[in-house]
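One line per chain: the protein sequences are A and B, in this order.
Taken in order, the first sequence gives residues 1 to 319; the numbers are from this note's numbering.
Taken in order, the second sequence gives residues 1 to 64; the numbers are from this note's numbering.
Derived by calculation from the structure, the hints in this document are not laboratory data.
Note that the structure is a prediction, hence the values are computed from the model and not measured.
Where is the CB? At the ideal position from N, CA and C, for every residue including glycine.
Take the hints with a grain of salt, since some may be wrong.
Below, simulated EDC-like cross-link-like pairs (lysine to aspartate or glutamate); rule was C-alpha separation at most 20 Å, straight line [what the hints assert, rightly or not]:
id: 1; chain 1: A; residue 1: K265; chain 2: A; residue 2: D73
id: 2; chain 1: B; residue 1: K11; chain 2: A; residue 2: E226
id: 3; chain 1: A; residue 1: K246; chain 2: B; residue 2: E26
id: 4; chain 1: A; residue 1: K43; chain 2: A; residue 2: D73
id: 5; chain 1: B; residue 1: K41; chain 2: A; residue 2: E220
id: 6; chain 1: B; residue 1: K11; chain 2: A; residue 2: E78
id: 7; chain 1: A; residue 1: K142; chain 2: A; residue 2: E117
id: 8; chain 1: B; residue 1: K41; chain 2: A; residue 2: E226
id: 9; chain 1: A; residue 1: K246; chain 2: B; residue 2: D22
id: 10; chain 1: A; residue 1: K250; chain 2: B; residue 2: D14
id: 11; chain 1: A; residue 1: K9; chain 2: B; residue 2: E45
id: 12; chain 1: A; residue 1: K94; chain 2: A; residue 2: E227
id: 13; chain 1: A; residue 1: K250; chain 2: B; residue 2: E9
id: 14; chain 1: A; residue 1: K3; chain 2: B; residue 2: E45
id: 15; chain 1: A; residue 1: K116; chain 2: A; residue 2: E97
id: 16; chain 1: A; residue 1: K142; chain 2: A; residue 2: E191
id: 17; chain 1: A; residue 1: K3; chain 2: B; residue 2: E26
id: 18; chain 1: A; residue 1: K94; chain 2: B; residue 2: E9
id: 19; chain 1: A; residue 1: K3; chain 2: A; residue 2: E29
id: 20; chain 1: B; residue 1: K50; chain 2: B; residue 2: D14
id: 21; chain 1: B; residue 1: K3; chain 2: B; residue 2: E45
id: 22; chain 1: A; residue 1: K246; chain 2: B; residue 2: D14
id: 23; chain 1: B; residue 1: K41; chain 2: A; residue 2: D234
id: 24; chain 1: A; residue 1: K246; chain 2: B; residue 2: E21
To be clear about the criterion: a stretch of chain B counts as covered by chain A if any three or more of its residues have a C-beta under 8 Å from a C-beta of chain A, and this derived list gives those stretches [claimed, not checked]:
id: 25; stretch: 31–41
id: 26; stretch: 48–61
Using C-beta positions, here's what the derived DEER-type ranges look like [to be verified]:
id: 27; chain 1: B; residue 1: I12; chain 2: A; residue 2: L247; range: 26 to 34 Å
id: 28; chain 1: B; residue 1: M1; chain 2: A; residue 2: S235; range: 33 to 41 Å
id: 29; chain 1: A; residue 1: R276; chain 2: B; residue 2: E45; range: 47 to 55 Å
id: 30; chain 1: B; residue 1: E45; chain 2: A; residue 2: R297; range: 47 to 55 Å
id: 31; chain 1: B; residue 1: I12; chain 2: A; residue 2: V100; range: 29 to 37 Å
id: 32; chain 1: A; residue 1: R279; chain 2: B; residue 2: L13; range: 55 to 63 Å
id: 33; chain 1: A; residue 1: F175; chain 2: B; residue 2: R25; range: 26 to 34 Å
id: 34; chain 1: A; residue 1: K301; chain 2: B; residue 2: I12; range: 47 to 55 Å
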Amino acid sequence: MAKCSICGKPAVVDLRYARRRFCAEHFIEFVERKIERSIKEYKMIGKRDRVIAAISGGKDSATLAGVLDRLRDRIGFELILLHIDLGISEYSRKSREASVRLAHRLGLELVIFDVKEMLGYSIPEMALRLRRRACSVCGIVKRYVMNAAGIELGADSVATGHNADDIGSYALKEFLFQNLENIGKLVPVSESIDNLAVRKIKPLYTVYEKESFLYSLLRELPYYHEECPHARLDSLDFTIKEFLNKLEEKFPSIKIQYVKMLARKGSNYPKIVEARSCRHCGLLSLGGECSFCRITRRLRKSPAGPMVRRYFSTLRNHS
Amino acid sequence: MVKVRVLPEGKILDVEAERVEDIFRELGYSREAYVALVNGKPVVESRRVKDDEEVVLVRVLSGG
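Isolated chain A, as found in the complex (with noise of 0.2 Å):
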């Protein structure tokens, strides 16, 4: 029988790039130290920081929100967890639920943030109007609100769930397009831009996505393990992270390899020229109307950014 490599019980987990095997306990350990060391090697979080979590409901989430929990205390920091109802049918009604028990067994503050309640329109009808693919308007309303939260709520940083598999395959993706510039904000922290822009990290940087998921279940987070509907397995995203995985089978390490170095020189990669403020919200802008203003304007007659922006500094009054 396969042993744990620290105590000797009966291992759950075979980890072949780090070339040993786990009890239950033990790898919820090497998990959690795994991502402490990014947050110090990063310098992701510093003592009193205001933090807010992002997360969508799934496995990714649970582990972020779960570790960062239990690291709360130790470093000193306060911890704050957003989720964003999308409004994607039965996926969103069950990501949030999942994420208001997450909340809930952790004992921490979940500001939710409705797109439908809010905007007027789900994310679907939105990409419907707008023409354009549910994926790319998901994207852009989710960054604006994250980035209205953590600028309106005082956070120093907001974290994102992206793990290590994410993380490769985005910037492999973006490598075959030639779009350098968008391989630089891959590095696990993006500093803040004096009232654009939020710091934004990415605790999970080192952590594999079957770590991840296997954190979250060990742990009996709440979490919901569904596809979006909108996600394609046939998509060029997702094959690539099944070639990485192919690699990675072959070449054990050469995943968590490929994002240390990624970690190291992403800030080699060209940077967006210069940042701008929206003219509608104030926020970050690279051309005078942030996207999120843009795509609201059009489907509102006005930009929807100062009163998502109104909606959390409302909140943070009220605290």
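Please build the complex by placing chain B on the supplied structure of chain A, with the hints as guidance.
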């Protein structure tokens, strides 16, 4: 013959296997992309499986 349920698709496959690693090999699934659960708990690939045990392969990859 071991019955293997594959999630999230939900399909059930019959596999000739003595150990979990045989299931991965027979089905050609990546051990990086799938986690094997026996009777609801994660197991290492060298774990022996019996015909009457509940074996599930869960795809952990998301996004696309």
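Under the criterion that the straight-line Cα-Cα distance not exceed 20 Å, is the pair K250/A, E9/B satisfied? The given pair, whose Cα atoms are some 26 Å apart, is violated under the 20 Å limit.
Next pair to validate is K250/A with D14/B; report whether the Cα-Cα distance is within 20 Å. 27 Å, violated
Measuring from beta carbon to beta carbon, are R276/A and E45/B in 47 to 55 Å? 53 Å, holds
Mind checking the alpha carbons of K41/B and E220/A for me, to see if they're no more than 20 Å apart? 11 Å, holds
I want to verify a distance hint. Is the separation of the beta carbons of F175/A and R25/B within 26 to 34 Å? 32 Å, holds
Quickly compare the C-alpha distance for K43/A and D73/A to 20 Å and report which way the hint goes. Cα-Cα ~17 Å, so holds.
Can the restraint linking K41/B and D234/A be considered satisfied, given a maximum Cα separation of 20 Å? Given pair K41/B, D234/A is violated - Cα atoms ~29 Å apart, limit 20 Å.
Does E78/A sit within 20 Å of K11/B, going by the straight-line distance between their CA atoms? Distance of about 44 Å is beyond 20 Å: violated.
K301/A and I12/B, beta-carbon distance inside 47 to 55 Å? Once the Cβ atoms are compared, 52 Å apart, the range 47 to 55 Å for I12/B and K301/A holds.
Is K142/A within 20 Å of E117/A, Cα to Cα? Given pair K142/A, E117/A holds - Cα atoms ~15 Å apart, limit 20 Å.
Keeping to a limit of 20 Å between CA atoms, is the pair of K116/A and E97/A held or broken? Between K116/A and E97/A the Cα gap is close to 16 Å, so the pair holds against 20 Å.
Please verify the coverage claim for the stretch 48–61 of chain B: does it have three or more residues whose C-beta sits within 8 Å of some C-beta in chain A? holds (count 3)
Checked against the numbered hints listed earlier, the structure breaks hints 1, 6, 10, 13, 17, 22 and 23; every other hint is satisfied.
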